[in-house]
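Protein chains: 2
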Amino acid sequence: MQKIFSRATLDRIPLYYRALKVLNDSGEKIISSSKLAKILEITPEQIRKDFSDFGQFGIKGVGYNVDKLKRGIEKILGLQYKWKMAIVGVGHLGTALANDKIFPLQGFQVSALFDIDENLIGKKINGVKVYDFAKLDAVIRRKIIDIGIITVPDTQAQIVADALIGAGVKGIWNFAPTKISVPPEIHLVNEDLFIGLTTLSHHLANE
Amino acid sequence: MQKIFSRATLDRIPLYYRALKVLNDSGEKIISSSKLAKILEITPEQIRKDFSDFGQFGIKGVGYNVDKLKRGIEKILGLQYKWKMAIVGVGHLGTALANDKIFPLQGFQVSALFDIDENLIGKKINGVKVYDFAKLDAVIRRKIIDIGIITVPDTQAQIVADALIGAGVKGIWNFAPTKISVPPEIHLVNEDLFIGLTTLSHHLANE
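So the protein sequences, as listed, match chains A and B. Everything in the first sequence is counted per our numbering, starting at 1 for the first residue and increasing by one. Everything in the second sequence is counted per our numbering, starting at 1 for the first residue and increasing by one.
Hints listed in this document are in silico derivations from the structure and should not be mistaken for laboratory results. Take the hints with a grain of salt, since some may be wrong.
Stated by the list, open to error - Keeping only pairs whose Cα atoms sit at most 25 Å apart, straight-line, the calculated SDA-like set for lysine to any residue is: (1) B:35 <-> A:184; (2) A:124 <-> B:117; (3) B:170 <-> B:118; (4) B:75 <-> B:8; (5) B:101 <-> A:153; (6) B:3 <-> A:8; (7) A:75 <-> A:101; (8) B:82 <-> A:193; (9) B:101 <-> A:92; (10) A:179 <-> B:105; (11) A:84 <-> A:179; (12) B:179 <-> A:23.
Using the sequences and the hints, build the whole thing.
Structure, rendered in structure tokens:
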């Protein structure tokens, strides 16, 4: 049981992780907070505070051990485990996520796809079978899926969430642009693309 | 020229906007910060501080004028304008974004699609034509596109960004999982799906 970090900190951790992975792969042993600050455009003070919160301490005037830091961050992100995911809704977005090259490299395995479209059921996408949504409960239980990904129209999102939770998933990643309700023990992350877009329009309109 | 808000504040503004739109559409005239706090699961103090930063002031013991607040937030997000967007890379993700129902309702119009695949060039997706990537500069200039959306593989992302910037776009929304470089006057928003996923795995691994 480790510390649970805020969303703001969690937004930075994958950036640290990616940079450390590149440095480690290219044989770098030591990295200073000021060098990392330049790479990531985050202040060195913020980086040192974050790393200290992660229980990682550098050597003054030298820096941090890249490999040790990377392994510490992997543990915080739960990347030492394999996570099994199911995608419900095999439209363009669901298909794009099923074909993602990065997720499996990081231990996130898409293990089942679900749809109600008879033309899709039984097909395979990136080697993963599309099951009838009616069989969701049995398939999720048999494959012991951890994370359910919702890529259905917003009118169907709550029904899908309820089915996933009933079948035992522990986390939900929701791409439908609607608010869904889940019990407190279920972790829900809403992926809201409108936020990225309005961040752009805010800057374009006001500068 | 208005105030430029931080990303953390900008993550909340679309949530405010959506809630106020629903309230306004259902005929609500006045909303209190405490009622909005319950709907959005944000503290009333944070809401009052944000609204005051937006130059919006409620009446003590009564609340905020829903319509006025909504219009103020629309202006902050630049939603009073129409934004023209081009998507480069008509794979599953590009196609999903081209088919998005929410963007056009909020003033974000996909006006052109680009790809290098001859089987796609000349086709229409959701009424929008796929152009040859070789014609990007001319098409972007003629249509006066504001925002370029990058949905190509990461090895191609910088080339696409350079082409978009050369053609005059002012903002870039990058979905390729790589860091791209842009001049300071260009607004870049990286949409990093790995962040949402590791937010989930962090919670699942540590509770």
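Point to revise | Contradicted hints - numbers only | key: Failing hint: just 3.
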